[in-house]
Amino acid sequence: MGKSVTMLQAITEAMDQKLDHDERVMILGEDIGVNGGVFRSTEGLYEKYGRDRVVDTPLAEAGIIGSAIGLSLNGMVPIVEIQFLAFIYPGFEQLVSHAARMRYRTRGQFGVPLVIRTPYGAGIRGPELHSESVETFFAHTPGLKVVAPSNPYDAKGLLISAIEDPDPVIFLEPTKLYRAFKEEVPDEMYRIPIGQAKVVQEGSDLTIFAWGAMLREALNAAKKIEKEKGWKCEVVDLRTLYPLDRDTIVQSIKKTGRALIVHEAHKTAGLGAEIISIINDEALIYLKAPIKRVTGFDVPVPPFSIEDHYLPTVERVKQGIVETISF
Amino acid sequence: MEKTGNPIMKAHSNGDEPDMYHVLNPDGEIIESIDGKIDKSLMLKMYESMLLLRTFDRKSVNLQRQGRMGTYAPFEGQEAAQVGSALALSAGDWMFPTYRDHGAAIIHGQELYRVFLYWMAHLDGSVCPEGKRILPPSVPIATQMVHAVGTAWASKLKGEENVSIAYFGDGATSEGDFHEALNFAGVYKTPTIFFCQNNGYAISVPFEKQSSSKTISQRAAAYDIHGVRVDGNDIFAVWLTVREAVERALSGQGPTLIEAITFRYGAHTTADNPNIYRNQDEVSTFWRENRDPLTRLKKFLHREGHWNEEQEDKTIKQFNELIDTHLQKAEAYPKSSPVEMFDHVYAGGSWHLKEQQQELKQILKKGVKK
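Which chain is which? The protein sequence lines are A and B, in order.
Those letters in the first sequence? Residues 1 to 327, by the numbering used here.
Those letters in the second sequence? Residues 1 to 370, by the numbering used here.
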């Protein structure tokens, strides 16, 4: 059994089921209670579970993440919502210096099972600092896990896994995809393992690696290229950004011999560079062409009047495919 | 250094002593009723604990000088604040110390050899005894205060009779996390005790440059929580204050902000030279001679006939032996193996860490190929 839902509804459903099944689970954040979240991702949960489990906190990211660390140390399972990814910076210290390191510093004595959910990414016509894609900050932090779903089915399964994970997980929700489309999602509490990428479309000529909102651009470009040139692109949704699923990356390269990485994060030191390094280490001899990246530029995400020019477009992705295959 | 006024006032220039809660004055006289709350055995425990910590602290500074330990943060002068607060807790209470609060941690159950291991840079240095809730010393400033809100909040949600205590210094009160912690604790009425040891300096910056508020305890009013300013070198006053804060917390009256006025005699750490920023002799001599936490309790105990020099000598000798035993244990403890640096990053490990660990193992076995 299942039903057709948006990514937002799938996320709400995952939290609803975990709140229902595990009384240690609680949600903390700004405007997530009575208001149901600025994107409505916690809609109905406050009414259902009460103010002690779906907590409207003071407006303070360090306070929210820091107290969630304490709640977690003392047996609760907090899900923190940070309203937008770029608002996490005041709480960054708590994440990198404490949540990420607690298990290590105590040799496994104290862990911090904790999920930080946050909308991220451009394409929603948001004001300044509502559209950042800075996953690399977290993927550079040992002790954290970074997850970014691209569809409702994965969002539910990955979020349930994240809530059950013994380590802190940053759960990046592509804002642009919250209501972009619906998909059949099973009613039960299913899990998608953290750390596993997914081959979304099989192909033989080139592999496109993408995640989050960029997966749609990758698939659309692949579809158009096939129609125009007959080239078959394999499309891989990484889903977990740290630790990366090296095996799936390498297997795909062995099959196609070419790679294009599409991410909306800035190019320099973005995850694309890490994926290229993995391929370089593990599959260099299979490569028929240099690996290209189609990414956001190395500029602050610009105001929405020109943000479409910052983001990788289907045309830019197609161009990248053409250049790589005809190298 | 410019010589102006009383060194007490220099160290805590906005501090006005009359506002402080005192019980035991520097002459060792009880000037405020203790209402039978501190019996002889507790008094002796307080004194012996302070004596143990002072011996431990001096030993640690020496070990650092001898190169047997890394950089160390001494707490000499702050023993009453650390012992008094820690003795007022129950065994299951949560403690969030900083790098200068290993004294409090020891009194709350941390083992001496573990503290040595921490300063000797051993990976196992932050592990506390089974069943204890002593968190690793917080190195960034004020960040642990919000954790103490979280654990206390969970205790409240679960209906457990425990408090959480966060230690911090005067410098921490300038950090955003200080305000966020007090605000959260106020909003959720968490059983949290915020215990500030105002020792007058955040490394080199004196309190008058740190804050324009007259006291730290007054900030409690901004969050509508209970605030107390106490003589941090008066162990009776500290214990009674923290005890009251514990009772308030457990009876649902929420958090308390305690400002304990004290002084560190030595450097911020063994890597620091306090003579650059304060007149070391003038200031610490004044505090040692006039306000020392051990001396005043000792005077009182002597007068009451509870303690004498013979006991003192015998106890110091015992403590030296105890500390040496722990030092030997720490020095004989199997060294951290480099390959262990990959453990406990995640509960389940990860392919990249396993491989990097393997790589290091190979290097250790064969050396790097030239």
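Treat the hints as calculated values from the structure; they're not laboratory data.
Quick caveat, the model's predicted, so the values are computed rather than measured.
Where is the CB? At the ideal position from N, CA and C, for every residue including glycine.
Please note that the accuracy of each hint is not assured.
[Claimed, not checked] Pairwise CB distance ranges, derived in the manner of DEER restraints:
#, chain 1, residue 1, chain 2, residue 2, range
1, A, L129, B, D343, 34 to 42 Å
2, A, H21, B, G159, 46 to 54 Å
3, B, T269, A, P58, 33 to 41 Å
4, A, F297, B, D343, 53 to 61 Å
5, A, R107, B, R65, 41 to 49 Å
6, B, R288, A, E128, 54 to 62 Å
7, A, P58, B, I203, 58 to 66 Å
8, B, I203, A, E47, 44 to 52 Å
9, A, D31, B, D324, 51 to 59 Å
[What the hints assert, rightly or not] Here are a few chain B residues that face chain A, going by a calculated C-beta distance under 7 Å:
#, residue
10, T151
11, E180
12, H344
13, G349
14, H352
Going through the earlier hints one by one, which of them does the structure break, listed in rising order? 2, 4, 5, 7 and 13
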